[in-house]
Amino acid sequence: MSDEQERPEHRLRRELPAEVPASEPEYGGAPEPKESAEPQVTGRQRLWAGLWPPRLSRAQLIVAVLLFGLGFGLAVQVASNSDSGNVLRGARQEDLVRILDELDDRTQRLEDEKQGLEKQREELQSSSDQAAEARKQTEEKERQLGILAGTVAAQGPGITMTIEDPKGAVKADMLLNAIQELRAAGAEAIQVDQVRVVASSYLSDTDKGVTIDGNKINTPYRFKVIGKPQDLEPALNIPGGVVQTLEKEQATVTVDRADKIVVDALRQAKQPDYARSSAR
Amino acid sequence: MIAVLGLVVGVVAGLLVRPEIPAVMEQYLPIAVVAALDAVFGGLRAMLDGIFDDKVFVVSFLCNVVVAALIVFLGDELGVGAQLSTGVVVVLGIRIFSNAAAIRRHVFRA
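Chains as they are written, first to last, in my numbering: chain L, 30 to 309; chain R, -13 to 96.
Treat the hints with care, as some may be off.
SDA-like mimics (lysine to any residue), calculated; alpha carbons at most 25 Å apart, straight line [stated by the list, open to error]:
1. R:K41 to L:G72
2. R:K41 to L:A78
3. R:K41 to L:T248
Quick partial rundown of chain L residues pointing at chain R, CB under 8 Å, derived from the structure [what the hints assert, rightly or not]:
4. R73
5. L76
6. W77
7. Q89
8. G98
9. G100
10. G102
11. A104
12. S109
13. V126
14. I128
15. L129
16. L177
17. P186
18. Y231
19. P258
It should be emphasised that the hints constitute simulated quantities derived from the structure, not laboratory data. A virtual CB, placed ideally from N, CA and C, is assigned to each residue, including glycine.
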């Protein structure tokens, strides 16, 4: 504070003793002689005098050595501190123990969380597995029932039976016999001409010919039957069986085995009006 | 000027060499650096005041470093190392600030 008040006068006087800087190099010496020069030289001038021109004095060298040490230590410390991996290097033992404890706690918590999540995941997975399994079974069952009910097409090994009836002697009951025989032999899907034969199918004689479920079928009657061919064919051909009975009526019957029979005549699924499922 | 050069060379050397600090020194280096900074600021202020003495500077520099390291060492032995080194840093920081204020008054006249 007092400096500032005095300064204006100093500044004016400063011009006069211009040769003072000549004795300046030894300002680093004992403070005693400095006191007299003090009024003429401000701190800023001293700073400049110290910086420029560079002088190789003992004081400068010693200070340079010490500052070198300071700079070196500073840089080393900053460098080692900014290495993120070495954050723990300078830490104290109790800090390290605390950090370790915290990490253990955290690990424990995360482990618990992981277990919970894994359990949840397992539950979800198993439930979705179960749902998928149930859906698969339902679909499978639907297909099976669909084949029985005639709502889906079916294919597989089986036989074809063609009944040629030039005289029109074959009646509905004979065809029904044939169908019953085939069913008894394990036929799983039966189609006559373009009509699917299902559990509720009925055959009747009309004046135009035989009808199945009200659909007229024409000669030659072509049966497409899916089932085990080795069972179906003998069942038709047994003595006194279907084939013999039909041939007695002057009809010609040919039975062929085939590896692939396609039963593609369909029937609309019919919702029962009164019957309701009582299972479950 | 040579002193400033010494500082610059020291920083550059420290950055280039990157020596491994011995484990024993690790805790003392930061405190020692702060103490040395305090000595440097004190020296700068003395120079601006015109009472700079290289002998005083050397002694104060080395004393600061040694005492600071000693205090930290003592604190570690007593089990209050962290608190004590914080205290040392605070005290040195206050000194650095007051020195810096004096330097500022010289350099900027404000």
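Comparing the hints with the structure gives:
With a C-alpha separation of about 20 Å, the suggested pairing of K41 (chain R) with G72 (chain L) holds against the 25 Å cut-off. With a CA separation close to 20 Å, the supplied pair K41 (chain R) and A78 (chain L) stays within the 25 Å bound. Between K41 (chain R) and T248 (chain L), the direct Cα distance comes to roughly 133 Å. Violation of the 25 Å bound is thereby established for this hinted pair. Hint status for R73 (chain L): holds, given a least beta-carbon distance of 6 Å to chain R, under 8 Å.
A cut of 8 Å between beta carbons decides the hint on L76 (chain L): the least distance to chain R is about 6 Å, and the hint holds. A least Cβ separation of about 10 Å between W77 (chain L) and chain R goes past the 8 Å threshold, and the interface hint is therefore violated. Hint status for Q89 (chain L): holds, given a least beta-carbon distance of 4 Å to chain R, under 8 Å. Taking 8 Å as the C-beta cut-off, the interface hint given for G98 (chain L) holds, the closest approach to chain R being about 7 Å.
Against a cut-off of 8 Å between C-beta atoms, the interface hint on G100 (chain L) holds, since the closest Cβ of chain R lies about 3 Å away. The beta carbon of G102 (chain L) comes within 5 Å of a beta carbon in chain R, closer than 8 Å, and the hint placing it at the interface holds. Interface restraint check: A104 (chain L) against chain R, minimum CB-CB distance 3 Å, threshold 8 Å, status holds. Because the smallest distance between the Cβ of S109 (chain L) and any Cβ of chain R comes to about 6 Å, under 8 Å, the interface hint for this residue holds.
For V126 (chain L), the shortest C-beta to C-beta distance to chain R is roughly 13 Å, which exceeds 8 Å, and the interface hint is violated. The beta carbon of I128 (chain L) is not positioned within 8 Å of any beta carbon in chain R (closest approach about 13 Å), and the interface hint is therefore violated. Hint status for L129 (chain L): violated, given a least beta-carbon distance of 17 Å to chain R, over 8 Å. For L177 (chain L), the suggested interface contact is broken, since its CB lies about 85 Å from the closest CB of chain R, more than 8 Å.
The beta carbon of P186 (chain L) comes no nearer than 83 Å to any beta carbon in chain R, farther than 8 Å, and the hint placing it at the interface is violated. Of the supplied interface hints, the one on Y231 (chain L) is violated, with its beta-carbon coming no nearer than about 100 Å to a beta-carbon of chain R, more than 8 Å. Against a cut-off of 8 Å between C-beta atoms, the interface hint on P258 (chain L) is violated, since the closest Cβ of chain R lies about 89 Å away.
Checked against the numbered hints given earlier, the structure breaks hints 3, 6, 13, 14, 15, 16, 17, 18 and 19 and satisfies all the rest.
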